[in-house]
Amino acid sequence: GQQLNQSPQSMFIQEGEDVSMNCTSSSIFNTWLWYKQDPGEGPVLLIALYKAGELTSNGRLTAQFGITRKDSFLNISASIPSDVGIYFCAGREMGSSNTGKLIFGQGTTLQVKP
Amino acid sequence: NAGVTQTPKFQVLKTGQSMTLQCAQDMNHNSMYWYRQDPGMGLRLIYYSASEGTTDKGEVPNGYNVSRLNKREFSLRLESAAPSQTSVYFCASSEWAGSNSPLHFGNGTRLTVT
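As you go down the protein sequences, you meet chains A and B in turn. For the first sequence, the positions run 1 to 114 when my numbering is used. For the second sequence, the positions run 1001 to 1114 when my numbering is used.
Hint data in this document are derived by calculation from the structure and do not stem from the laboratory. One or more of the hints may lead you astray.
[Stated by the list, open to error] Derived list of chain B stretches under chain A, where covered just means 3 residues or more per stretch with a C-beta under 8 angstroms from a C-beta of chain A:
1) 1064-1076
2) 1105-1114
[Claimed, not checked] From the structure, some residues in chain A lie toward chain B, with a derived Cβ separation under 8 angstroms:
3) 33
4) 43
5) 46
6) 52
7) 68
8) 73
9) 88
10) 101
11) 104
12) 107
Glycine residues also receive a C-beta, built at the ideal position from the N, C-alpha and C atoms.
The following block holds chain A by itself, in its conformation from the complex (with noise of 0.2 angstroms):
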């Protein structure tokens, strides 16, 4: 089935610093959504795109739906320790709405040194 890729996979980096991570697909989606998943628990949405080329941001997070329509991308600006986690990515393809089905990436794990 169709396979999203997110990369990095994992991620060390000092707090204050900037990330950025991405997905791509190798079909067109019309929904892209970004979730944070904490250690024990459920993902939680932090963001969600609709539209070719929307930027929407979200604190120190921003997130654009690439114009291709086969990427996405996440950037968290000046992070602090409590942006430890597990980062997906997940998009619905062009032709499922009526679904509802999402296709998530691989997660990226971000770690972060105080």
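Given the structure of chain A, go ahead and fit chain B onto it with the hints provided.
What follows is chain B alone, placed relative to chain A:
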């Protein structure tokens, strides 16, 4: 607000045993989903229910059955557990099965099959 509630939080089964994972949401959502999460593989859709009274297979349905008991509840059953079903299981819901309807996740059930 409880959101999506899953029970149990942890379970250990022996190969061949059966069990049912319970999920309930209090957000009046129409659509519900079951995912499994394995290291390095993101979340994979097992089954989903676009609306009360309907269920459909996802990416990895083999070895599982589901029941949409009512609008609030969506259960996942393992009839004869296998070690390959050791995983973390997440239930999710969305307002409807459409592209502009993000998923909200429960906190997961951690299942070990020995």
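*Of the hints given before, which are not true for this structure?*
1, 5, 6, 7 and 8
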